[in-house]
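If you read the sequences in order, they're chains U and B.
Just so we're aligned, residue 1 is where the first sequence starts under this note's numbering, counting upward by one.
Just so we're aligned, residue 1 is where the second sequence starts under this note's numbering, counting upward by one.
Bear in mind the hints are in silico, worked out from the structure with no lab data behind them.
Check before you lean on any hint, since a few could be wrong.
[To be verified] Here are some of the chain B residues that sit facing chain U, going by a computed Cβ distance under 7 Å: (1) N9; (2) N15; (3) T18; (4) P152; (5) E154; (6) F191; (7) A208; (8) I212; (9) Y216; (10) G217; (11) I218.
Beta carbons are placed, not taken as given, at the ideal position from N, Cα and C, and that holds for glycine.
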Amino acid sequence: MKLINKFILIYLVVTVIVLGIAGYISFFVIKGELDNELKWRFMDRIDRVTYLLDEGKNFKSKKLKGSGDRNLIIQQLPQKVAPETVIKDTMVWHDRLQQMEPNLKVSAYRTVEDTSYFISTYGALVETDDITEAVVQILLWILGLQVIGAIGVGFIVSGRLFKPFRETLARIKRFNIQDKEPILARETNVEEFNDLNRFVEEMTRKAVKDYKNLKEFAENASHELQTPLSITKGKLELLTETDLTPEQYQYVEASQRSIKKLSRLSESLALLTKIENHEFTNKDEVNVTNLIRESTQAFEEFIKLNGLQVETDLEEDVFLQIHPVLADIMWTNLFQNAIKHNIEDGRIRIRLTKDSLEISNTGKPLDMDTDLLFKRFKKADHGVDSIGLGLSIIEQIVDQNNYAISYDYEDGWHTINVKFHPESV
Amino acid sequence: MKLLIIEDNEDLLQNIRTYLKREGYICEFARDYREAFDKVMSYTYDVVLIDIMIPGGSGLQVLRELKSVNPQTGTIIISAKNALDDKVEGLELGADDYITKPFQLPELHARIKAVNRRNQRDGREIINVNEIAINTDTMEVTVNGTGVDLTPKEYDLILYFASNKNHVLSKQTIAEHLWGDYVDHLTNLDFVYQHIKNLRKKLEKAGAQNYIESVYGIGYKFKVNNRA
Chain U
1 MKLINKFILI
11 YLVVTVIVLG
21 IAGYISFFVI
31 KGELDNELKW
41 RFMDRIDRVT
51 YLLDEGKNFK
61 SKKLKGSGDR
71 NLIIQQLPQK
81 VAPETVIKDT
91 MVWHDRLQQM
101 EPNLKVSAYR
111 TVEDTSYFIS
121 TYGALVETDD
131 ITEAVVQILL
141 WILGLQVIGA
151 IGVGFIVSGR
161 LFKPFRETLA
171 RIKRFNIQDK
181 EPILARETNV
191 EEFNDLNRFV
201 EEMTRKAVKD
211 YKNLKEFAEN
221 ASHELQTPLS
231 ITKGKLELLT
241 ETDLTPEQYQ
251 YVEASQRSIK
261 KLSRLSESLA
271 LLTKIENHEF
281 TNKDEVNVTN
291 LIRESTQAFE
301 EFIKLNGLQV
311 ETDLEEDVFL
321 QIHPVLADIM
331 WTNLFQNAIK
341 HNIEDGRIRI
351 RLTKDSLEIS
361 NTGKPLDMDT
371 DLLFKRFKKA
381 DHGVDSIGLG
391 LSIIEQIVDQ
401 NNYAISYDYE
411 DGWHTINVKF
421 HPESV
Chain B
1 MKLLIIEDNE
11 DLLQNIRTYL
21 KREGYICEFA
31 RDYREAFDKV
41 MSYTYDVVLI
51 DIMIPGGSGL
61 QVLRELKSVN
71 PQTGTIIISA
81 KNALDDKVEG
91 LELGADDYIT
101 KPFQLPELHA
111 RIKAVNRRNQ
121 RDGREIINVN
131 EIAINTDTME
141 VTVNGTGVDL
151 TPKEYDLILY
161 FASNKNHVLS
171 KQTIAEHLWG
181 DYVDHLTNLD
191 FVYQHIKNLR
201 KKLEKAGAQN
211 YIESVYGIGY
221 KFKVNNRA
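Build out the structure end to end from the sequences listed, making use of the hints.
Listed below in structure tokens is the structure:
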């Protein structure tokens with residue numbers, strides 16, 4: 001829900017509540033006023049009758065009826081009574097409507113020239129239903145106008161007032177850390193937006209700086225590690241040129257292997273960092289069919305040496321939009337994995353279609369949670385001399401190209417499936 | 001053969017020099033850009049090893065200068081960066097080969113020899129080891145004039161041995177030379193033995209001496225007494 005819609009909605013809900021309360025109050029105020037008005041009118045009538053009596057006018061009930069004022073009762077009382085006024089609500093039968101109607105009745109005792117009279121008059125009150133109806137009608141009109149006003153103001157607000165905000169938002173969306181350009185704040189006349197823009201600028205500046213540092217670190221770390229490793233390796237090689245006993249030599253060999261592993265580790269970490277830093281974003285058309293075909297040929301001897309059998313089912317000319325280096329790394333890692341974690345006389349099955357690449361290999365079941373498989377340094381096969389970064393690298397590449405990867409184990413087959421268009425499947 | 005090693009790291013320089021001096025090479029060295037530039041401009045070398053990251057400038061710049069005055073000099077770039085960009089740029093500038101740290105000294109040596117052969121082109125494409133002749137141009141091996149039918153891997157192997165005569169070469173080193181990084185995926189290196197056995201058999205059948213000596217528990221040595 002858009003902010004402005006939410007704002008209008010809240011405004012309208014508040015308006016409805018306020019109007020409801022206002023209606024309730026209005027009802028009583030109007031009713032009170034009307035009742036008072038009626039009361040005053042009756043009081044005035046009684047005063048007028050009293051005045052007319054005082055003037056000596058003789059009210060006969062017949063004459064009264066003739067005047068049409070049916071609701072006026074004047075009775076001469078036999079004895080003197082102290083003046084008094086009684087006002088009360090009463091129900092009176094209405095002939096025409098054939099129902100009881102609420103009426104206001106004002107009765108008074110008045111003494112004119114030593115004669116006491118009972119004067120009483122009554123009349124229909126304005127019905128509460130009518131007041132309610134009127135109030136509701138007025139309120140509905142007000143509400144209608146409020147809705148129109150709110151929506152109108154909403155459009156103006158979202159159109160004009162929020163323009164700088166939307167601009168900032170668009171710029172954040174376009175922001176690419178690889179461009180190494182922070183989002184510069186633009187002055188607006190709204191303090192909050194200025195704050196936001198300044199904050200965004202500061203944040204992107206920091207992100208760009210950190211990114212640069214990280215990138216430099218990844219490059220330097222690789223370089224700085226390789227040189228001492230080279231030295232050690234060379235020294236060990238020179239050591240093997242001297243007279244060593246087979247036992248001593250084995251120690252040297254073991255050291256060599258560790259150095260090799262260390263070197264590969266730092267290379268892989270540097271590669272992973274580079275992929276994470278989005279250094280390989282230039283996409284190119286890559287013929288995956290050819291890539292797989294060529295690499296299986298390159299690996300042929302290894303496959304034979306490892307006593308493996310490879311079955312391929314490749315669709316011709318499968319093209320992907322991907323950085324060629326990434327395509328190569330992804331495939332090589334997948335394939336090497338299948339070779340590495342295989343069993344003796346095992347098999348590898350490769351199936352490539354336009355939508356997915358599936359590579360299966362025979363192997364022992366994993367003794368770990370498959371969710372952890374793509375995590376760094378999680379190794380299922382501890383016996384193998386691997387560094388545990390291969391699948392993480394694959395996952396990074398898959399993520400970056402919006403592919404989907406899944407792993408499955410069934411009947412002694414490990415299957416890794418990469419879907420190239422996961423959203424359309 | 002006269003070599004120039006451009007490398008700022010003293011230890012690494014010592015390693016390379018120690019190994020190559022045994023081969024009877026004249027090794028000169030430069031530790032920074034200025035020194036490298038002066039030497040490249042003043043003298044001629046058969047092969048120049050260039051580290052990309054050197055104090056005072058870039059090894060690629062040295063390579064550029066060198067190619068402008070002495071285009072026929074063999075050049076090998078040594079880099080810690082496995083970065084593809086450097087590799088491509090280096091090779092585009094005319095470097096003959098590219099080796100990534102950490103490298104093996106026998107491997108470096110084999111490459112120096114290969115680069116030198118490629119650049120000399122004065123009949124030196126034939127390497128002679130007594131009765132064995134290796135033609136690096138046609139990739140043919142003959143023993144006393146009779147051709148020996150070798151697989152590409154066996155050819156690589158004899159060339160590698162011939163380039164590192166009288167050095168102990170471990171199975172690991174040999175495997176890495178022949179298969180590069182793919183070796184990481186092999187749990188045992190017995191296949192090296194297989195290849196050596198086949199090569200030995202073929203050479204002996206053609207009438208050559210057995211130069212490939214097993215060094216127990218270590219690897220192999222191509223033992224040649226009189227240097228050819």
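Hints, one by one, checked against the model:
| no. | hint | verdict |
| --- | --- | --- |
| 1 | N9 | holds (6 Å) |
| 2 | N15 | holds (3 Å) |
| 3 | T18 | holds (6 Å) |
| 4 | P152 | violated (10 Å) |
| 5 | E154 | violated (12 Å) |
| 6 | F191 | holds (5 Å) |
| 7 | A208 | violated (25 Å) |
| 8 | I212 | violated (17 Å) |
| 9 | Y216 | holds (6 Å) |
| 10 | G217 | holds (3 Å) |
| 11 | I218 | holds (5 Å) |
Checked against the numbered hints listed earlier, the structure breaks hints 4, 5, 7, 8; every other hint is satisfied.
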